[in-house]
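Student: Sequence:
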Amino acid sequence: DLFAGLSGRPGAFALDFVELRAGKCFDLLAPGSPELRLREVGAGGLYAAEGAMKTFPETAEDLCAAMRAAHARRATCVTEANAVSSRSHAICTLRHLESGGCITLADCAGTERRKDSAHHSRERQQEGAEINASLHALKECVRFLAAGQQVPPHAYRASTLTKLLAGAFSRAGSSLMAVICTVSPSASDTEHTLSTLRTGAALRGPGQEREERHVLKSVSQPREPTPKQWTPDQVRSWMNGLENGL
Numbered sequence: 001d002l003f004a005g006l007s008g009r010p011g012a013f014a015l016d017f018v019e020l021r022a023g024k025c026f027d028l029l030a031p032g033s034p035e036l037r038l039r040e041v042g043a044g045g046l047y048a049a050e051g052a053m054k055t056f057p058e059t060a061e062d063l064c065a066a067m068r069a070a071h072a073r074r075a076t077c078v079t080e081a082n083a084v085s086s087r088s089h090a091i092c093t094l095r096h097l098e099s100g101g102c103i104t105l106a107d108c109a110g111t112e113r114r115k116d117s118a119h120h121s122r123e124r125q126q127e128g129a130e131i132n133a134s135l136h137a138l139k140e141c142v143r144f145l146a147a148g149q150q151v152p153p154h155a156y157r158a159s160t161l162t163k164l165l166a167g168a169f170s171r172a173g174s175s176l177m178a179v180i181c182t183v184s185p186s187a188s189d190t191e192h193t194l195s196t197l198r199t200g201a202a203l204r205g206p207g208q209e210r211e212e213r214h215v216l217k218s219v220s221q222p223r224e225p226t227p228k229q230w231t232p233d234q235v236r237s238w239m240n241g242l243e244n245g246l
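First residue of the sequence shown: 1, per full-length UniProt numbering; consecutive thereafter.
Some clues are possibly wrong.
Think about it this way: if two alpha-carbon atoms lie no more than 25 Å apart in a straight line, the pair counts; the simulated DMTMM-like pairs of lysine to aspartate or glutamate are [as the list claims (entries may be wrong)]:
hint : residue 1 : residue 2
1    : Lys24     : Asp189
2    : Lys139    : Glu98
3    : Lys24     : Glu40
4    : Lys24     : Glu98
5    : Lys139    : Asp107
6    : Lys139    : Glu191
7    : Lys24     : Glu35
8    : Lys24     : Glu50
9    : Lys54     : Glu35
10   : Lys54     : Glu40
11   : Lys54     : Glu98
12   : Lys139    : Glu58
13   : Lys54     : Glu140
Hint data in this document are derived by calculation from the structure and do not stem from the laboratory.
This one's a predicted model, so the numbers in the text were calculated from it and none came from an experiment.
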């Protein structure tokens, strides 16, 4: 419990919650979700949302309430693929003010296939293109990490998403990363499912690859031959059955 033992010490944590949409950053904690400007902080290539509203939760209940309120302001719409589709990436940062340590939670929008957006408005198609471009930039950063290489600045400067996640890439040796992959059970989404799982698996790091193969038994029943395919013996057996009233 992050808040255990903090009784009487208000202001130990600071929370900010932003949305990345159409290449821009918006504050989900502030009324009206105003647009924020990303700026580089320090010489380490890290970025922050300038002027982002912060809240200072004192209990786990305070934290959950603030996160729920921010999430409710996130942009969604109905698409061909989903009844409720996120049109943005959301990044929530909880910082421990005394130590400077922080937890960053990033909920990324899913990729969009051309066939799923064929009937979208021009605005929706542009949103989808921006989502796909930012996820491509994220995969490029993952590719460097998976190869055991330092992520070059040009890779995480390619999108607003990777700019705000630059700390996880530039401090790969001193930070921990956990990834939850959400995939579709539908066979029509197999291509996207495999791509998502490959990206998640790459974050395990080099030297940890393991291939597992499972042979699945066929559950289909063998088809009986049609009368046209019967052998002479099968024909005679069938005719004998007719004579015996079977």
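Student: Is lysine 54 close enough to glutamate 140, meaning Cα to Cα at most 25 Å?
Tutor: violated (31 Å)
Student: Is lysine 24 within 25 Å of glutamate 50, Cα to Cα?
Tutor: holds (12 Å)
Student: Please verify whether lysine 24 and glutamate 35 have alpha carbons no more than 25 Å apart.
Tutor: holds (7 Å)
Student: If you draw a straight line from the CA of lysine 24 to the CA of glutamate 40, is it 25 Å or shorter?
Tutor: Judged against 25 Å, a Cα distance of about 15 Å means the pair holds.
Student: Would the pair lysine 54 and glutamate 98 pass a check requiring their Cα atoms to be no farther apart than 25 Å?
Tutor: Satisfied, since the Cα-Cα distance of roughly 16 Å is no more than 25 Å.
Student: Within 25 Å, alpha carbon to alpha carbon, are lysine 139 and glutamate 191?
Tutor: holds (16 Å)
Student: Hey, lysine 139 versus glutamate 98, does the alpha-carbon distance stay inside 25 Å?
Tutor: The hint is violated at about 33 Å.
Student: Holds or violated: are the alpha carbons of lysine 139 and aspartate 107 at most 25 Å from each other?
Tutor: Holds, at roughly 15 Å.
Student: Sort out whether glutamate 98 lies within 25 Å of lysine 24, counting only the CA atoms.
Tutor: violated (30 Å)
Student: With a cut-off of 25 Å on the C-alpha distance, tell me whether lysine 139 and glutamate 58 pass.
Tutor: violated (36 Å)
Student: Given the hinted pair lysine 54 and glutamate 35, is their Cα-Cα distance within 25 Å?
Tutor: holds (15 Å)
Student: Has the given pair, lysine 24 with aspartate 189, been kept, meaning a C-alpha gap of at most 25 Å?
Tutor: Judged against 25 Å, a Cα distance of about 29 Å means the pair is violated.
When held up to the earlier numbered hints, the structure conflicts with 1, 2, 4, 12 and 13 and fits the remainder.
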